[in-house]
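*Asks:* Chain order of the listed sequences is B and A.
Take 1 as the starting number for the first sequence in my numbering and just add one per residue.
Take 1 as the starting number for the second sequence in my numbering and just add one per residue.
It is worth saying that the hints were derived from the structure and are not from the lab.
For every residue, glycine included, the Cβ atom is placed at its ideal position computed from N, Cα and C.
One or more hints might be untrue.
[Unchecked claim] In silico SDA-like links for lysine to any residue, alpha-carbon gap of 20 Å or less:
hint, chain 1, residue 1, chain 2, residue 2
1, A, 112, A, 85
2, A, 97, B, 15
3, B, 44, B, 34
4, A, 97, A, 140
5, B, 15, B, 127
6, A, 112, B, 127
7, A, 257, A, 228
8, A, 112, B, 44
9, A, 257, A, 295
10, A, 97, B, 134
11, A, 97, B, 33
12, A, 97, B, 139
[Stated by the list, open to error] Covered by chain B, per the in silico footprint, the following chain A stretches (three or more residues, Cβ under 8 Å):
hint, segment
13, 79 to 85
14, 99 to 111
15, 236 to 242
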Amino acid sequence: MIARDLALAVWVSLKTSGLSAVIASAVAVPIALFLSGREFRGKKLVLLINQTWMAAPTVVIGLLFYSLLSRNGPLGGLGLLYTQTAMTVGQTFLILPLVVGFSYTALRQVDRRARQTALTLGASRRQAGWIVLREARFPLLVAVLAGFARAISEVGIAMMLGGNIRNATRNITTSIALETSKGEFRNGVILGALLLVITLGVNILVQTGLSGRDRES
Amino acid sequence: MSEAVYRLERLDFSYPASPARFSLALDALDVRAGAILALVGPNGAGKTTLLMLLAFLLRPGGGRLEFLGRDPWAEEDGAARARRDAVLLTHHPYLFKGTIADNVAFGLRLRKLPEAEIGGRVDSALSLVELDGRGRSPVSGLSAGQAQRVAIARALALRPRVLLADEPTANLDAALALRMEAVLREAGREWGTTVVFSTHAFAQASRLADDILYLSEGRRVEFSHENCFSGTAATDGRTSWIEPKQGVRITFPGAAKGHVTCVIDPAAIRVFAAGGGSAPPAGPNVFRGRVTRMETADAATALVRVSGDLVFRATLPVRELEARGVSLSGEVLLRFEPESVEVVSEQTAGAGKLP
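I would like the entire structure built from these sequences, with the hints used as guidance.
*Replies:* Given below as structure tokens:
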């Protein structure tokens, strides 16, 4: 495996997983803010569905989107199958419930007086919502990074929706699968170690964030 | 001074999920501009609920709540606008993560004041609560009293038209509590701020407030909860009595029936040192207890709390404290005439609550 292939695989992994984490967070955090701040009928059911979705195997989500995006599927006309976009969409759906769940827990842990205090000091409802998010920024960062880590380490969606196309959709995990199937275990181990280094970097970021929180609170 | 900041008419509120079915109902209340109004009542009287309503954090279930001549709940974003003028200081204040100065500047930044003005206001507010030079300290590790002072500074820095304070001196020691009382009074004088605060301490209310609203079980009552007792009345035809505690009898004239609530004016209670030289008082309504608190209602009047089988508050001239041998932790005897017991409520089975 040449260095250029390796660099491209790393780039595809970082790009698709990073984008997935950003998109999922943009959707999940407002959902979590809504869920954490209100009580309504059916809320428990929503949380239950979210938890179930969290445990969905990656290949199931891959299969779902494969059937949607394949030529004969309802979205086949978009021509997205075997593209990085399809990988990003699939990974976004994979990590969305995880980010919702973690963010919901993070926001529930914010003291309920924070919002009320902001309101009584003159904040609008929207500003008060932002302030609650700010108070939970470090646990929310953990939620986003956990989503990223889940996306970058999955293989089912990347394989089914990306197709493991060289210089296009091949990422670290599909490269490991390929190298292993060719009997190139050494390359597979190197790629695996690389993935671990990236995951370690994510964890260091989380720890830095958390220790920052500890210093501040 | 006489213009009303708040005007409440048939205000009504109840918590939807309250298992105790607590409700607050006030027929009418005007809060005068620049005045200090104390809300006095026991736990569960509705003081905090009323403050939350006045802070537009709770929406009334019925009636009208006018603020500066308008009904904020009837206007779009009216409550949010009103909250900029009426700031609530809660009993257990929440401090945002960051420094003391960040917290004090919080509301000022929301109002987009120039940074130079924010700095000046933060410094002067911290000086008022005796936290000069502490602005850069993080809020983590502050004691409850210090957190309370930061919250007071945060509210005062806004120079609000109305300051609503839920037991603002609850976490402070006696000396600092007096200092904060002076600060609240000063805020009224300096910026024309109307202050509405809740307290359990009748002495604090009478020391600080221009007006006092007594609350009990979500209703306005015409007496303090101090020296307020209730029980099932028994009578011999000429006098009646209740036993707030088994074997402890409060006697009053007349034939009463059913559930009776009565109050005793603190000024009508005589206090004697137990074991003093003079003969112990005799007759009904004599109680023994220990002085657990002494305060001054004003320069000439002392307010003592006596805890025994029942807890009483009694006032007596400061100059007589020594002559009567009344001192903190000392054992005393209390006596009041049956005629000084005022029956404020007498309910037979099935009747409603207090007025």
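*Asks:* Of the numbered hints stated earlier in the document, which are not met by this structure?
*Replies:* 2, 5, 8, 9, 15
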